[in-house]
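*Asks:* Turn these sequences into a full structure, and let the hints guide you.
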Amino acid sequence: MKSIIKNLSLGLMAVSALAGFTACQDDIDAPALVDEIPVATLKPNSTILEVKEKFWQDVTPYCGQIGTKDNGDHYIVKGRVISSDYAGNIFKSLYIQDETAALPLSINSYNLYLGYRAGQEVVIDLTGLYIGRYSGLEQLGYPQWSDRDNTYQPTFMQPGILEGHIELNGLPQPEKIDTLLISSISELTTNATNASYLQKMQGQLVRINNVKFIPQDGLDVLGIYHENVNQAIQDAEGTQLTIRTSGYSNFWNTKLPEDNGDVVGILGYYLSTSDPSSSWQLTLIDKEGMMNFGNPTFPLGSKERPYSIAEAVKAETAGSRPTGWVEGYIVGTIAPEVENITSSSQIEWGADATLPTSVVIGATPQTRDLSECLVMSLPQNSVMRAYVALANNPENLGKKLMVFGTLDKYMGTFGITGNTGSAKEFDLEGVEIIVGGTGTEDDPYDVSKVIEFNPQSTTESEHPGVWIKGYIVGTYYDYGAHFETANASNNNILLAASPDVKDKAQCIDVQLPYGTVREALNLANNPGMIGAQVALYGDVLKYNTMPGLKNTTKYKILTPGTGGGDDPTPPVTSAGLDENFDASTSLPAGWKAVKVEGNKAWYVATFSGNNYASMTGYKGTAPFDSWLISPAVDLSKVSAKTLSFRSQVNGYGSTTSTIEVFVLTSADPATATKTKLSAAWPTAPASGYSSWLGSGTLDLSSFSGTVYIGFRYAATQDANYATWCVDDICLPAK
Numbered sequence: 001m002k003s004i005i006k007n008l009s010l011g012l013m014a015v016s017a018l019a020g021f022t023a024c025q026d027d028i029d030a031p032a033l034v035d036e037i038p039v040a041t042l043k044p045n046s047t048i049l050e051v052k053e054k055f056w057q058d059v060t061p062y063c064g065q066i067g068t069k070d071n072g073d074h075y076i077v078k079g080r081v082i083s084s085d086y087a088g089n090i091f092k093s094l095y096i097q098d099e100t101a102a103l104p105l106s107i108n109s110y111n112l113y114l115g116y117r118a119g120q121e122v123v124i125d126l127t128g129l130y131i132g133r134y135s136g137l138e139q140l141g142y143p144q145w146s147d148r149d150n151t152y153q154p155t156f157m158q159p160g161i162l163e164g165h166i167e168l169n170g171l172p173q174p175e176k177i178d179t180l181l182i183s184s185i186s187e188l189t190t191n192a193t194n195a196s197y198l199q200k201m202q203g204q205l206v207r208i209n210n211v212k213f214i215p216q217d218g219l220d221v222l223g224i225y226h227e228n229v230n231q232a233i234q235d236a237e238g239t240q241l242t243i244r245t246s247g248y249s250n251f252w253n254t255k256l257p258e259d260n261g262d263v264v265g266i267l268g269y270y271l272s273t274s275d276p277s278s279s280w281q282l283t284l285i286d287k288e289g290m291m292n293f294g295n296p297t298f299p300l301g302s303k304e305r306p307y308s309i310a311e312a313v314k315a316e317t318a319g320s321r322p323t324g325w326v327e328g329y330i331v332g333t334i335a336p337e338v339e340n341i342t343s344s345s346q347i348e349w350g351a352d353a354t355l356p357t358s359v360v361i362g363a364t365p366q367t368r369d370l371s372e373c374l375v376m377s378l379p380q381n382s383v384m385r386a387y388v389a390l391a392n393n394p395e396n397l398g399k400k401l402m403v404f405g406t407l408d409k410y411m412g413t414f415g416i417t418g419n420t421g422s423a424k425e426f427d428l429e430g431v432e433i434i435v436g437g438t439g440t441e442d443d444p445y446d447v448s449k450v451i452e453f454n455p456q457s458t459t460e461s462e463h464p465g466v467w468i469k470g471y472i473v474g475t476y477y478d479y480g481a482h483f484e485t486a487n488a489s490n491n492n493i494l495l496a497a498s499p500d501v502k503d504k505a506q507c508i509d510v511q512l513p514y515g516t517v518r519e520a521l522n523l524a525n526n527p528g529m530i531g532a533q534v535a536l537y538g539d540v541l542k543y544n545t546m547p548g549l550k551n552t553t554k555y556k557i558l559t560p561g562t563g564g565g566d567d568p569t570p571p572v573t574s575a576g577l578d579e580n581f582d583a584s585t586s587l588p589a590g591w592k593a594v595k596v597e598g599n600k601a602w603y604v605a606t607f608s609g610n611n612y613a614s615m616t617g618y619k620g621t622a623p624f625d626s627w628l629i630s631p632a633v634d635l636s637k638v639s640a641k642t643l644s645f646r647s648q649v650n651g652y653g654s655t656t657s658t659i660e661v662f663v664l665t666s667a668d669p670a671t672a673t674k675t676k677l678s679a680a681w682p683t684a685p686a687s688g689y690s691s692w693l694g695s696g697t698l699d700l701s702s703f704s705g706t707v708y709i710g711f712r713y714a715a716t717q718d719a720n721y722a723t724w725c726v727d728d729i730c731l732p733a734k
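The sequence shown: position 556 = 556 (the working numbering), numbered continuously.
For the record, the hints were derived by calculation from the structure and aren't laboratory data. From a predicted model like this one, the values you see are computed outputs, not experimental measurements. In this text, a Cβ means the ideal position worked out from N, Cα and C, and glycines have one as well. One thing to keep in mind: the hints can contain errors.
[Stated by the list, open to error] Straight line, CA to CA, 30 Å or less: simulated DSS-like cross-link-like pairs of lysine-lysine:
id: 1; residue 1: K409; residue 2: K619
id: 2; residue 1: K409; residue 2: K504
id: 3; residue 1: K595; residue 2: K641
[Claimed, not checked] Between beta-carbon pairs, the in silico distance windows are:
id: 4; residue 1: E237; residue 2: E432; range: 18 to 24 Å
id: 5; residue 1: E432; residue 2: E258; range: 26 to 32 Å
id: 6; residue 1: K303; residue 2: D147; range: 46 to 52 Å
id: 7; residue 1: D147; residue 2: K619; range: 51 to 57 Å
id: 8; residue 1: T658; residue 2: G528; range: 22 to 28 Å
id: 9; residue 1: T485; residue 2: D58; range: 25 to 31 Å
id: 10; residue 1: E460; residue 2: G170; range: 51 to 57 Å
id: 11; residue 1: P464; residue 2: A310; range: 44 to 50 Å
id: 12; residue 1: T671; residue 2: P464; range: 35 to 41 Å
id: 13; residue 1: D70; residue 2: T671; range: 57 to 63 Å
*Replies:* What follows is the structure, encoded as structure tokens:
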């Protein structure tokens, strides 16, 4: 839950109420003189959220009558009116709110504001009334049969029904209305099917700061006379939300502002089965709901007003988990083998970092106190790791770093979570982040670049006719991302920056039209393609709720041995191997990480300026069966059929994980014929890493044709999860 702005007496609801008190010459909306302040006789015994949770069903629509509690008591709630239909944009509806949630009421009556003013406290005996979900929105109403859905749905109840169940309590106090601050529209879109979030947030009065109107269909005003119109607002992250305006409101012809500003309204919901993330809607109560345009309010946690380290620590200490930007200084790295941080001694302060996997951000460049720091991981193969990690960039010590994520405990201490490591999620002082390619065939856009584009249209591309590249990691179906080949869709593939990604937020979705591209790449018919690196040509568009590529007409398979293009070419073979992994922080072209079991994969690590291939079970889920597969090697083109490499291990004194090296007949370890080679491997030391050890010269004279070299990391459920490293792999070419 985001922070709450209390006592917003000049906010939208208060403005709406005050306008009603003064605007009409005949004083229709003026408060009547009362001889006696109303006092409710009903005694609340439930919160609104308790009732919504009790009668929630994960289907829509449905409608049922509210009975009694198990002890025979009625369900009675108390709430404060947060809506007004005075301006005509709220239609036959009343919204009440308590400290836990909001409750929409569908009532077959106009001018509800005359009896239920903004800020009026009411007590309602819910027993005997009806509750359900209408197009996904949970509300009180009256059952009406839906022929389309073959069930009942809650629509307008007669006002007399409500009058027998509701009592006013005191006079209206609009200054006591709470307005919930939504600091990011993505909070809504990512929780569009989260039942607990829907129960809490549907019907709430919310404020969203620093947004811009994005005109729809060329319309430069909010609405059209006597028609309902959807316009859109967009926040600083580029995420959009529908603003719904009735053509019967008294402000439908309000011109859309061109600058950024703030909006306040009722948070509604109308389920879109094709794109659930677009189901949220915001309904302005009156024109004053658009405010500060040209001078927007930047919420705490925005890029313009990031959390300080002290503010972030304070928020985490209080138990809140806000999402936003935080700013501090790079001061260190989490020490190796630390799993739970309890003291400052577990931090490698300074630029001499052992691992590139984390960063510690302090309140000042000189901070060396854990209580004044935030820690976070640097996701594997991410842009952020490449630019930020002290192990690779010791010159970053003391630089200011601004990061986007969730302020939450990480490894037992104050931290930042949820950051995917993309270029749009961090800013580093004095460093220009250049990533993503140019979109040409020779330099395709990478996945992070397409995610950064954040396309909103499904039909009109701002980046048409471009090449992109990434690793196939899954498919999208049943309104979700799936990272396995079982039940895979045949009409799309998910691409990520590395083959081990299992997070939708780090993926793009590629449409596979009928024809050559679908036949070659779909996982339903080609499960062996999972983990393969590919390049595709098409238009960057929104697809299946995600950044994606549509109208795909060309492809290349960049993993050697499998062809590609409009007319797939024969397998590409290498004349020998001479790989030290120093050219890149990701696996070199042609090398492939294949996970047979477990959730960890081979990657390129760096220590003391040396790159090498590495695989670890640390913080993973066993059993593991993970392979590092070389490019295809044509043994007729090598000068000597001998293989050699170096390896080292960190196994905490012993390890039940193993590493093996094989000759394979194909790049798929599940189907290839595999021949194990007898190599020398180091022994795990009592602590830290072993020295590098040569494998010896491995004889391949019995093999011919095209082969692959495969390094296999395997471990059982009870394994001591070691880290194995391989470097300087040599199979000499002629």
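*Asks:* If a hint holds in the structure, say so; if it doesn't, say that too.
*Replies:* So, going through the hints one by one against the coordinates:
no. : hint                      : verdict
1   : K409 <-> K619             : holds, 16 Å
2   : K409 <-> K504             : holds, 22 Å
3   : K595 <-> K641             : holds, 28 Å
4   : E237 <-> E432: 18 to 24 Å : holds, 21 Å
5   : E432 <-> E258: 26 to 32 Å : holds, 30 Å
6   : K303 <-> D147: 46 to 52 Å : holds, 49 Å
7   : D147 <-> K619: 51 to 57 Å : holds, 53 Å
8   : T658 <-> G528: 22 to 28 Å : holds, 25 Å
9   : T485 <-> D58: 25 to 31 Å  : holds, 28 Å
10  : E460 <-> G170: 51 to 57 Å : holds, 53 Å
11  : P464 <-> A310: 44 to 50 Å : holds, 47 Å
12  : T671 <-> P464: 35 to 41 Å : holds, 38 Å
13  : D70 <-> T671: 57 to 63 Å  : holds, 59 Å
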